[in-house]
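Peer 1: Guided by the hints, dock chains H and D onto chain G, whose structure is given.
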Amino acid sequence: MTSQTTDNALPDLPRTPRDLVPLLLVPALIVLSAPLFGNLSSWVTLTVAGLAMGMMIFLMASGMTLVFGLMDVINFGHGVFISLGAYATLIVLGPLAGWAKADSVWLNLGLLGLCILVAMLTTGVIGALFERIIVRPVYGSHLKQILVTVGGLIVAEQMIHAIWGASPITIALPETLRGAFVFGDAAIERYRVFAIGVGLSVFAVMYLVLNRTRIGLLIRAGVENPEMVESLGYRIRRLFVGVFVAGSALAGLGGVMWAFYRQTLTAGMGMEVMVLVFIVIIVGGLGSIGGCFVGSLLVALVANYVGFLAPKLALVSNILVMALVLVWRPQGLFPVTRQ
Amino acid sequence: MTDATLVLDGVHTHIGPYHILHGVSFAVPKGELTMLLGRNGAGKSTTLRTIMGLWQASAGKILFEGREITRQETPDISRSGIAYVPESMGIFAGLTVQENLVLAARSGAIDKNRLDWILSLFPALKRFWSLPAGNLSGGQKQMLAISRAIIEPRSLLLIDEPTKGLAPVMIRSMIEAFKALKEAGETILLVEQNFHAASVLGDSVVVIDDGKVVHRGAMAELVTDRTLQQNLLGLSLDAHQ
Amino acid sequence: MTDATLSSLPVSSLPRQGGLLRTILSADPPRSKALSLLLLVVLLALVATPFALPGSQPLGTAAKICIFILLAASYDLLLGYTGIVSFAHTMFFGIGGYGIAIALNKLGATWSSVFIGLVAALALSAALAFIIGLVSLRVRAIFFSMITLAVASAVLVLASQMSGITGGEDGMSFQLPPELRPAFKLGTFLDTAINGRLLAYYLVFFVALGMFLLLLRIVNSPFGRVLQAIRENEFRAEALGYRVVSYRIAASVISALAATVAGALLALWLRYNGPDTTLSFAIMIDVLLMVVIGGMGTMYGAVIGAALFVLAQSYLQVLMGSISESLAAVPLLASLTHPDRWLLWLGILFVASVYAFPGGIVGRLRKTS
Numbered sequence: 000m001t002s003q004t005t006d007n008a009l010p011d012l013p014r015t016p017r018d019l020v021p022l023l024l025v026p027a028l029i030v031l032s033a034p035l036f037g038n039l040s041s042w043v044t045l046t047v048a049g050l051a052m053g054m055m056i057f058l059m060a061s062g063m064t065l066v067f068g069l070m071d072v073i074n075f076g077h078g079v080f081i082s083l084g085a086y087a088t089l090i091v092l093g094p095l096a097g098w099a100k101a102d103s104v105w106l107n108l109g110l111l112g113l114c115i116l117v118a119m120l121t122t123g124v125i126g127a128l129f130e131r132i133i134v135r136p137v138y139g140s141h142l143k144q145i146l147v148t149v150g151g152l153i154v155a156e157q158m159i160h161a162i163w164g165a166s167p168i169t170i171a172l173p174e175t176l177r178g179a180f181v182f183g184d185a186a187i188e189r190y191r192v193f194a195i196g197v198g199l200s201v202f203a204v205m206y207l208v209l210n211r212t213r214i215g216l217l218i219r220a221g222v223e224n225p226e227m228v229e230s231l232g233y234r235i236r237r238l239f240v241g242v243f244v245a246g247s248a249l250a251g252l253g254g255v256m257w258a259f260y261r262q263t264l265t266a267g268m269g270m271e272v273m274v275l276v277f278i279v280i281i282v283g284g285l286g287s288i289g290g291c292f293v294g295s296l297l298v299a300l301v302a303n304y305v306g307f308l309a310p311k312l313a314l315v316s317n318i319l320v321m322a323l324v325l326v327w328r329p330q331g332l333f334p335v336t337r338q
Numbered sequence: 000m001t002d003a004t005l006v007l008d009g010v011h012t013h014i015g016p017y018h019i020l021h022g023v024s025f026a027v028p029k030g031e032l033t034m035l036l037g038r039n040g041a042g043k044s045t046t047l048r049t050i051m052g053l054w055q056a057s058a059g060k061i062l063f064e065g066r067e068i069t070r071q072e073t074p075d076i077s078r079s080g081i082a083y084v085p086e087s088m089g090i091f092a093g094l095t096v097q098e099n100l101v102l103a104a105r106s107g108a109i110d111k112n113r114l115d116w117i118l119s120l121f122p123a124l125k126r127f128w129s130l131p132a133g134n135l136s137g138g139q140k141q142m143l144a145i146s147r148a149i150i151e152p153r154s155l156l157l158i159d160e161p162t163k164g165l166a167p168v169m170i171r172s173m174i175e176a177f178k179a180l181k182e183a184g185e186t187i188l189l190v191e192q193n194f195h196a197a198s199v200l201g202d203s204v205v206v207i208d209d210g211k212v213v214h215r216g217a218m219a220e221l222v223t224d225r226t227l228q229q230n231l232l233g234l235s236l237d238a239h240q
Numbered sequence: 000m001t002d003a004t005l006s007s008l009p010v011s012s013l014p015r016q017g018g019l020l021r022t023i024l025s026a027d028p029p030r031s032k033a034l035s036l037l038l039l040v041v042l043l044a045l046v047a048t049p050f051a052l053p054g055s056q057p058l059g060t061a062a063k064i065c066i067f068i069l070l071a072a073s074y075d076l077l078l079g080y081t082g083i084v085s086f087a088h089t090m091f092f093g094i095g096g097y098g099i100a101i102a103l104n105k106l107g108a109t110w111s112s113v114f115i116g117l118v119a120a121l122a123l124s125a126a127l128a129f130i131i132g133l134v135s136l137r138v139r140a141i142f143f144s145m146i147t148l149a150v151a152s153a154v155l156v157l158a159s160q161m162s163g164i165t166g167g168e169d170g171m172s173f174q175l176p177p178e179l180r181p182a183f184k185l186g187t188f189l190d191t192a193i194n195g196r197l198l199a200y201y202l203v204f205f206v207a208l209g210m211f212l213l214l215l216r217i218v219n220s221p222f223g224r225v226l227q228a229i230r231e232n233e234f235r236a237e238a239l240g241y242r243v244v245s246y247r248i249a250a251s252v253i254s255a256l257a258a259t260v261a262g263a264l265l266a267l268w269l270r271y272n273g274p275d276t277t278l279s280f281a282i283m284i285d286v287l288l289m290v291v292i293g294g295m296g297t298m299y300g301a302v303i304g305a306a307l308f309v310l311a312q313s314y315l316q317v318l319m320g321s322i323s324e325s326l327a328a329v330p331l332l333a334s335l336t337h338p339d340r341w342l343l344w345l346g347i348l349f350v351a352s353v354y355a356f357p358g359g360i361v362g363r364l365r366k367t368s
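Residue numbers (numbering that gives the first Met the number 0), protein chains in the order written: chain G, 0 to 338; chain H, 0 to 240; chain D, 0 to 368.
What the hints contain is simulated information worked out from the structure, not anything from laboratory work.
Treat the hints with care, as some may be off.
Unchecked claim - Derived BS3-like pairs: lysine-lysine, alpha-carbon spacing no greater than 25 Å straight-line:
1. H:K178 with H:K125
2. H:K111 with H:K140
3. H:K140 with H:K125
4. H:K60 with H:K29
5. D:K105 with G:K311
6. D:K366 with G:K143
What the hints assert, rightly or not - Partial pick of chain H residues on the chain G-facing surface, computed with a CB cut under 10 Å:
7. M88
8. G93
9. E98
As the list claims (entries may be wrong) - Pair ranges (Cβ atoms, derived):
10. D:V329 with G:L95: 28 to 34 Å
11. H:W128 with G:L35: 45 to 51 Å
12. D:E237 with H:L130: 34 to 40 Å
We treat Cβ as the ideally placed atom computed from N, Cα and C, and that holds for glycine.
Chain G on its own, in the form it takes in the complex (with noise of 0.2 Å):
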């Protein structure tokens, strides 16, 4: 039996094109950005800078958004795991203070490795006990959510307080992450391309497993209709339960990214850029992981261009990208549907 001859009566349906309008903003904005730099070294300066800061700010709003997007859930406290993650590079620098100061780009990364992994360790662990204890008892309700959440945070931010003391502390890069690339009048940071590097990598890998694997699968479904997920018989807990995690360790390993940008933390510092990643979350469309990077990328470029353009303007430049945003579309760049 072959499909021409039994479904006649079904014409081929006009398919509905691919949303790729948001996805072109980014590269648009870079391009027609160029010409309101007098030159062409300071454009490509704050680019690359725009995104390395969009790659850590995605970094730090992608497990946010996935949370959300698979149990409805509203983690106000997510940037705990930020400061968490920035702290945890502590334990590692502490004892391997030698490999940080060495001359070698291989020790240099090995450290910041290291760092990397034991700050997503510490985070995942502690993203693993926030969801059974603050989370898990008040799943259905967002109010109940965000308070206990925000209560959650104090909570942590006093412990970082407690453990490693109140007053900031600082960090240095590795040896040979410090310093720039130059390329004619062009000055670009190496830890810049680096963070770029490690974001790309993980958005690749994100995009791999969720594409690619039978959990990505899962995940997919489940943000569009838990229940059915459940009706198909998965449970959706144990799953959430992971996404909870892997988003804490992502969330950790931001923290690290960002803290050796800033050079110096504070137990505050993940509440002070969750105020970007509420922006990013909510400009790409709350649940969607393609959103969140596009969102990323859009508010750091805008944010650093402004900065040096119209430096008045540059601390609303944020909100106005949210407000346009959603006046162009109220969801977001790319509304997840949810049944």
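Peer 2: Below, chains H and D alone, put in the same frame as chain G:
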């Protein structure tokens, strides 16, 4: 009722403050297609959701193949061999047709012969195999939803209004597909509003109203007894041709 | 709004009998002996502080309690009665403070400056609250929480940077109208000098009291009952024909206006306003703690929560200091009980309140009586 695949015994269901099911009892015989009929809001969908554990029964018992599943969680109920197609179909719009089916095949791989059989029932799916399921028409989505339920052998299919909102030509092919499923020996509990479809397909029938079973019997009997139809459903076969 | 739709909402009818007190309290009495007693103690203490406790520190604490009661009560209108979480409440608090500070600083120390500053601040707050509500509540209620956080943090940075207008990080001091200055003397009463400082205190006290009673009236009005109906079941309220978004936006504007008044009072009392006294995120957290620990959706919870919190801020730290010293031998415990860690314990209390006592202290007291 030893040959019954599913038995409901005095099932009550509350949703929030509302008491929806008031002691529903009936059995679904093995290898038969049981129709669940009733007016809008009578409690048909709630019955299916309660069997799946998506609502918790507040009283009564649900037995599946002789084992009680009343308090079990939805994934366990599903894994014990019940497939469910909700009224909304529950299609994952962002996943391709293939991915929808792969997810439903819990063993991980789709059995080739079974897939060929399913695609012979619903040939249209082949053409949209690697497109997002959100692009399908309503009827094609329904085909996909049913395919998902039968992608692996299950002991019982719960299907909620598969002909809802479909064009007459689609309803006809849906009826053909259900006939094929009956031939294959599937046990099915089907909620239906379309009395014509119900009368052609049903072996036995359960009618519920206001959360109570008001009639149980053979479908053939209901089809021939116009007065009973009028009383139970307020409709006649002629009106719904 | 028709009678038919109203009667289907949880309406407890307004008083047909009962005295003046009942009318003042909008027929929403404390409903617990212990709570009534506590409220009476707070009220009497606040009235009597200038005469009973000499010195500027108790008076300052009392004024702060009055202002935070108003601030917390206005937040309760949003959090407890409307069921939405705003992180921009201190932004409106700050706008009120800056309105007074800028007007008195630039236009001179007169009552008309106070009036102009207050009206301008109220207008700005109302406009901002309206726009934020319109953009976010239209889509999803949780957008509101995130967007208020984003906007409030932008305003905080803005206020710290625009030093030409706001005084930047240092904030700005100003002179009060002559009648409110310490040098303004009317005589003595009960051995206490009646001066401008005392008048300023009672200005704060009576405005806060009046605003509190007004908020109590609002939550017990038909408008307030619709808010609660929306909080309980958004879809049902929508189905009954109430425009949920409009009601939420209105609640957010009213709440913002009351917070603006509180900010104006604080500036008048301190003769100063700056980012750290009114705008900071830390104060936002404090207000959240006050309302939740005191009891959401009760109004009286704001009184208890604010009074306890301000007292705890001043005196709990002393207690913790002595505990910490006695635990000096156990390093981690000593650091956990260090006076600076008092927020840790309040945070734990906060989380426990949300789980175990959703009605907070007031809910607890009402249950036991």
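Peer 1: For every hint, state whether the structure bears it out.
Peer 2: Tested hints:
{"no.": "1", "hint": "H:K178 with H:K125", "in the structure": "holds (21 Å)"}
{"no.": "2", "hint": "H:K111 with H:K140", "in the structure": "holds (21 Å)"}
{"no.": "3", "hint": "H:K140 with H:K125", "in the structure": "holds (13 Å)"}
{"no.": "4", "hint": "H:K60 with H:K29", "in the structure": "holds (19 Å)"}
{"no.": "5", "hint": "D:K105 with G:K311", "in the structure": "holds (23 Å)"}
{"no.": "6", "hint": "D:K366 with G:K143", "in the structure": "holds (21 Å)"}
{"no.": "7", "hint": "M88", "in the structure": "holds (9 Å)"}
{"no.": "8", "hint": "G93", "in the structure": "holds (6 Å)"}
{"no.": "9", "hint": "E98", "in the structure": "holds (6 Å)"}
{"no.": "10", "hint": "D:V329 with G:L95: 28 to 34 Å", "in the structure": "holds (30 Å)"}
{"no.": "11", "hint": "H:W128 with G:L35: 45 to 51 Å", "in the structure": "holds (47 Å)"}
{"no.": "12", "hint": "D:E237 with H:L130: 34 to 40 Å", "in the structure": "holds (36 Å)"}
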